[in-house]
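Chains S and Y, in that order, are what the protein sequence lines are. Per the working numbering, residue 1 is the first one in the first sequence, and the count goes up by one each step. Per the working numbering, residue 1 is the first one in the second sequence, and the count goes up by one each step.
There could be a bad hint or two in this list.
As the list claims (entries may be wrong) - A few chain S residues facing chain Y, derived, Cβ under 8 Å:
1) Tyr43
2) Thr93
3) Ser207
No wet-lab data here; the hints were simulated from the structure. Cβ coordinates follow ideal geometry from the N, Cα and C atoms, glycine included.
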Amino acid sequence: MKRTIFLAAGALAAVGFALLPFFVFFRAELAYDLYFNQKIFYYHVPAAFMMFLSVFICGFASAKFLISRQPRWDDVAAAAGDLVVLFGALVLTSGPIWGKAAWGQYWVWDARLTTSLLLWMIFVAYALLRRFGGPGSERLAAGLALFGTADVPLVYFAVNFWKTQHPTNRVVPNLVGEMRTTFLIGAGAYLCFFLILLAARIALGRSERRLAEVEDLAVEIGRLE
Amino acid sequence: MPSLVLAVALALLPLVAAPAFAEAPAAARALDLARYDFDPAKDRAADVGTRFLADLDSASPALGAAVREKSRYDLQDEEAAKFVRQRKYVIAAYAVLWMLLAGFAMTMYRRQTRLQLALDQLEARLRASSGT
Numbered sequence: 001m002k003r004t005i006f007l008a009a010g011a012l013a014a015v016g017f018a019l020l021p022f023f024v025f026f027r028a029e030l031a032y033d034l035y036f037n038q039k040i041f042y043y044h045v046p047a048a049f050m051m052f053l054s055v056f057i058c059g060f061a062s063a064k065f066l067i068s069r070q071p072r073w074d075d076v077a078a079a080a081g082d083l084v085v086l087f088g089a090l091v092l093t094s095g096p097i098w099g100k101a102a103w104g105q106y107w108v109w110d111a112r113l114t115t116s117l118l119l120w121m122i123f124v125a126y127a128l129l130r131r132f133g134g135p136g137s138e139r140l141a142a143g144l145a146l147f148g149t150a151d152v153p154l155v156y157f158a159v160n161f162w163k164t165q166h167p168t169n170r171v172v173p174n175l176v177g178e179m180r181t182t183f184l185i186g187a188g189a190y191l192c193f194f195l196i197l198l199a200a201r202i203a204l205g206r207s208e209r210r211l212a213e214v215e216d217l218a219v220e221i222g223r224l225e
Numbered sequence: 001m002p003s004l005v006l007a008v009a010l011a012l013l014p015l016v017a018a019p020a021f022a023e024a025p026a027a028a029r030a031l032d033l034a035r036y037d038f039d040p041a042k043d044r045a046a047d048v049g050t051r052f053l054a055d056l057d058s059a060s061p062a063l064g065a066a067v068r069e070k071s072r073y074d075l076q077d078e079e080a081a082k083f084v085r086q087r088k089y090v091i092a093a094y095a096v097l098w099m100l101l102a103g104f105a106m107t108m109y110r111r112q113t114r115l116q117l118a119l120d121q122l123e124a125r126l127r128a129s130s131g132t
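Make a model of the complete structure from these sequences and hints.
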């Protein structure tokens, strides 16, 4: 069953990513005033959604781990934490490139950009803690993930709280026609790809943990030195 | 002296202004410009222009078509310049996105390979220790 879902998500992601350039360049209308550089939007915004989704999954799994102390929740949190770093990197590179085309500069210390960078840095710290923290760092990392999750509303509503240069949250709900279709195809493809990466990363982390447990057990029962 | 300069200027005025009047299209001079005042409460940015072109079309269809043609050329020039300028950013953004995704997939693949290697080594060590 899991394998079928995995394959179906893979097929959908492949179809979505194959269709997306066609829709982006040949079907979606040119946006008024932004013109051609608006095409970055169809990859940038779904990546931002996936970053938020990863943060929520990481936060939820970390909370479950802190409550239950079951390692399977820690595996999920670690996998989602890596994906926050990945999708955050996508957002923080594609966004400034769009900014250079639209505003004439790569970076402005605008509230949305700054809070997004902070969120990403929290999860880079999380990943470093997981990698180099040693035994017992899982709980500290889980606490950090919860702290990062609390930052998401601040990032999302930054454009409402402060006067920012970044476009508002009304852009996506106001999309019409082929622009909307293109965005939905992009978001769907990203979601399927995200699910594949998450499942693969969880399986990898779980296998690494089990291998270490088996090695420890083998040493303990005297089968290994 | 100043009055002499003024007198000469007044005498030359028709000579200077005449070509300007001659170049102004007859239909445009007949238009009531007050109709094209921009009212922010009522008008969107393009409404005044739309109104003007509709009036121009009814007064002189050929002139209306010429204005449209000129706008189209200007727009094409502007769009082409923007497209050329923006294309490199779109290409750069797409390249970076796919490179990051490929990098992540590569990292996972390497970890998977290391894991397989560690499993093989563990199996070999267990076999060696049990003598089978």
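Hints versus structure:
Taken as an interface hint, Tyr43 of chain S checks out: its beta carbon lies about 5 Å from the nearest beta carbon of chain Y, inside 8 Å. The criterion of a C-beta within 8 Å of any C-beta in chain Y is met by Thr93 of chain S, whose closest approach is roughly 5 Å, and the hint holds. Taken as an interface hint, Ser207 of chain S checks out: its beta carbon lies about 6 Å from the nearest beta carbon of chain Y, inside 8 Å.
When the structure is compared with the earlier hints, no violation turns up for any of them.
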